[in-house]
Amino acid sequence: MGDSHYGFSLTTFSPSGKLMQIEYALNAVKNGQPSVGLRAKDGVVLATENKSSALHEDQPKVEKISKHIGCVYSGMGPDYRILVKRARKIAAEYELMYGEEIPTTQLVTKLAAVMQEYTQSGGVRPFGVSLLIAGWDDEPGRPLLFQCDPSGAYFAWKATALGKNDVNAKTFLEKRFSENLELDDGIHTALLTLRESFDVGMTEDNVEIGICNKNGFQRLTKQQIKDHLGAL
Amino acid sequence: MASTLVYEQKPSMKESAFSFDNCARNMALEKLGMSGPKLRSTGTTIVAVTYKDGVVMGADSRATAGNIIADKHCEKVHKLTESIYACGAGTAADLDQVTKMLASNLQLIELNTERKARVITAVRRAKQHLFRYQGHVGAYLLIGGVDPTGPHLYEVHAHGSSCTFPFAADGSGSYAAISILERDFKFGMTQEEAEALTQRALEAGMHGDNASGNSFNLVIITKEGTVFKGPMVPDFCVKPQSNDIEYKFKPGATTVLKQKIIKYEVVESMDIE
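Protein chains in written order, with the numbering used here: chain A, 1 to 232; chain B, 1001 to 1273.
Simulated from the structure, these hints should not be mistaken for laboratory data. Hints may be right or wrong, so weigh each one.
[Claimed, not checked] So, partial list: chain B residues that the calculated Cβ filter (under 10 Å) puts toward chain A: (1) Thr1091; (2) Ala1103; (3) Leu1111; (4) Val1233.
Cβ atoms here follow ideal geometry from the backbone N, Cα and C, with glycine treated the same way.
Construct all of the structure, not just a fragment, from the sequences and the given hints.
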């Protein structure tokens, strides 16, 4: 019996030990718009393609979760928005309870636990997104980059890519990444990586960038993105 | 395969409505003659004044428990957002928690709507929370700030009512403070005039009310940003310097009336170093 015969149910293992629904969720991520995350010495860069036609109004993909944490995704947009709202609430509740901003690792583990819930319950399906979460921890002052998968697994990365063409993008990053990259170089490298997966020209209208450093998380403005693209 | 999702447990008001059992018990005990524990109150003077470009808000810093000053430098000007502040009078613990909750809610609203939160939003959230507890959460707030629709000032009471004013005062020292405000307030003041008026009103309250005093804090909120001033100590609140005098008397200043000498025999001695 092939694995696919067990694909109908989330809560049934296949003979090879996989949960096929989660594999299929990962496929939804693989077919999503490409996104890139890169951890520089003094900050983290998140970049993603945000293709929209001339008739579309801007809808941001890079979102801020708390003062020092932001995220981006590849996969299904609506699922992402639910997770962002959840993440914001988790961060706010932590702050209310402990009187300080939630450390990035804590947010990642709590959010991953939420995603895992949806792989072990009845009547639900896994989230069709993988998240890239960028954060800055004040003590010690250091940047962090994490990936959260539909299965609830999370990984810490120095640099990674999600979505279409992610294998080539990761190979590209492996060659280009160095521990000494500053944030501006990081943005440069992330844009080059993203460009590998672009079939049209990259402009400030179809690319989104977010950066996270000791001053917090912020999205770059269209003008700032244009300047960085000009320097490529 | 029906199973329920387990959401993260959090102390949520939705899980159970406020239980009034203890209130009934407390009232019965009081009828029997037992007095309840003294709530630490912020018997206070809080003042807020709107002017041409924004809002000036101020509060004293004395927290009392009955007749004792429990905290000389209590923080009564609470930040809700960068441009919305709340001054609180009432029960110290209730104020701390309510303002923290409001600040957290407003932060979430700002993140999710991608807009600066509005003063009226803070007021609505405060009202809806306080009304649910029927006045048992003793929080009397002056909520003021600047949002995209301009400068605003509201007064919210513990039972859940609110009103909007160009100037306001609350707390036990408000009677003194409001008289200054009623006499000297005018529309279209400059920032210096508004600051001076707030300071005079606060000093009136701190001077005349024994449950207010020690020092005061001011916050000036405008479209451009927020400036926090304090703690400032008015002259009549300055601790007096201690005056050390010499208490030495010349020998012979006191007359000797009687003299008795007792000789002791040393039986045993030991070192106690």
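Hint-by-hint comparison with the structure:
Among the interface hints, the one on Thr1091 of chain B is violated; its C-beta lies about 19 Å from the nearest C-beta in chain A, farther than the 10 Å criterion. The interface hint given for Ala1103 of chain B holds, since its Cβ lies 9 Å from the closest Cβ of chain A, which is under the 10 Å cut-off. Hint status for Leu1111 of chain B relative to chain A: holds, with the closest Cβ pair at about 5 Å, below 10 Å. Among the interface hints, the one on Val1233 of chain B is violated; its C-beta lies about 28 Å from the nearest C-beta in chain A, farther than the 10 Å criterion.
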